[in-house]
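> Protein chains in written order, with the UniProt record's numbering: chain B, 1 to 178; chain F, 1 to 178.
Heads up, some of the hints might be wrong.
[Claimed, not checked] Counterexamples of contact, computed for chain B against chain F with all Cβ distances above 12 Å:
#1 D10
#2 V15
#3 V22
#4 E23
#5 L27
#6 A30
#7 L64
#8 H67
#9 D69
#10 G78
#11 R86
#12 Q90
#13 A109
#14 R124
#15 T130
#16 T163
[As the list claims (entries may be wrong)] Not close to chain F: a few residues of chain B, all C-beta gaps over 12 Å, as computed:
#17 V4
#18 S145
#19 R148
[As the list claims (entries may be wrong)] Chain B regions said to be covered by chain F (calculated; three or more residues, Cβ under 8 Å):
#20 33 to 44
#21 92 to 105
Rather than coming from a laboratory, the hints here were simulated on the basis of the structure.
Idealized CB from N, CA, C, for every residue including glycine.
Number of protein chains: 2
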Amino acid sequence: MDMVKVNSMDFGEFVDVFGNIVEKCPLIAAAVWSQRPFSGLEDLENHFFAFIDALPRSGQEGILRCHPDLAGRDLQQGTLTAESQREQSQAGLTSLDTDDRLRLQQLNAQYRERFGFPFVLAARLSDRATVPRELARRLQCQPESELRTALGEVKKISHLRLTDLLGAHSHSARVELP
Amino acid sequence: MDMVKVNSMDFGEFVDVFGNIVEKCPLIAAAVWSQRPFSGLEDLENHFFAFIDALPRSGQEGILRCHPDLAGRDLQQGTLTAESQREQSQAGLTSLDTDDRLRLQQLNAQYRERFGFPFVLAARLSDRATVPRELARRLQCQPESELRTALGEVKKISHLRLTDLLGAHSHSARVELP
Chain B
1 MDMVKVNSMD FGEFVDVFGN IVEKCPLIAA AVWSQRPFSG LEDLENHFFA
51 FIDALPRSGQ EGILRCHPDL AGRDLQQGTL TAESQREQSQ AGLTSLDTDD
101 RLRLQQLNAQ YRERFGFPFV LAARLSDRAT VPRELARRLQ CQPESELRTA
151 LGEVKKISHL RLTDLLGAHS HSARVELP
Chain F
1 MDMVKVNSMD FGEFVDVFGN IVEKCPLIAA AVWSQRPFSG LEDLENHFFA
51 FIDALPRSGQ EGILRCHPDL AGRDLQQGTL TAESQREQSQ AGLTSLDTDD
101 RLRLQQLNAQ YRERFGFPFV LAARLSDRAT VPRELARRLQ CQPESELRTA
151 LGEVKKISHL RLTDLLGAHS HSARVELP
């Protein structure tokens with residue numbers, strides 16, 4: 001998909017394609033459509049990030065709360081989004097043994113209790129051995145810095161999902177903006 | 001459900017229950033959870049409305065763009081949310097004859113083209129005869145005032161959905177705020 005195609009989309013198509021760039025937050029894609037045309041992947045991505053950065057703290061926490069636990073209830077029940085299912089699978093989180101899964105559930109619960117949002121991590125940049133270590137480490141962080149870290153992970157996930165959709169075309173098919 | 005119960009919910013439960021108060025915008029419910037405890041339905045509702053009002057214009061348009069057309073593609077394909085299905089059914093929009101449905105589709109398309117968001121109306125406060133008349137009327141409005149009208153309809157829908165969930169209990173079970 002190239003940017004000429006992206007810039008020609010009506011809002012219905014745009015939300016169909018980009019609605020889950022930020023997990024379960026089609027509102028953000030639907031808002032970003034207002035900023036078209038986009039000059040390339042980076043420009044499009046920057047509009048997603050600017051929207052996130054401009055939200056009040058409750059809204060930023062709200063974004064995090066729309067994310068599933070890693071190796072959590074949604075994975076067990078088969079109710080993950082397609083994107084999250086693929087990402088957790090690539091990190092090996094869909095094939096944990098019972099002990100590792102219970103250990104992660106316990107850490108996830110502690111994290112949710114401490115910060116009021118779930119542990120968010122770009123799973124594709126991690127693996128089954130690293131996830132619980134990183135979770136245990138971030139559990140010790142201060143709430144203010146942890147919110148920033150978690151939003152940084154949301155942006156990494158968004159970048160990877162946008163790259164999946166736009167791939168190499170996004171750089172080669174830059175369009176002239178008016 | 002009374003407010004004691006609502007105020008005791010963790011964010012996962014809260015988003016499960018209130019995630020579609022604003023159509024397909026669980027981000028808003030997830031943000032509102034930060035404002036607990038709530039003294040009653042009106043207080044809870046005001047936090048939803050305050051979040052909507054504080055969004056930049058693109059975000060407000062984004063909320064509208066997460067709504068389906070009335071008697072549109074999602075209804076035909078069976079992909080409406082449960083709440084929207086019920087509301088459109090109560091307004092008689094699920095049993096239109098072909099001529100009426102095509103007329104509405106045509107008006108919806110004109111409206112989306114003119115304003116850049118879909119026609120949003122609290123269907124439960126309307127009926128199959130009124131919907132196309134109101135759509136044709138609002139199609140003539142100025143974009144600025146039409147955005148305000150449409151967000152007012154989002155709030156009416158949210159109010160009705162909250163009342164469905166909280167009903168009479170919400171007034172009788174007020175809790176003391178700290």
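> To test your reading of the hints: which numbers does this structure violate?
Violated hints (numbers, rising): 1, 2, 3, 4, 5, 6, 7, 8, 9, 13 and 21; every other hint is consistent with the structure.
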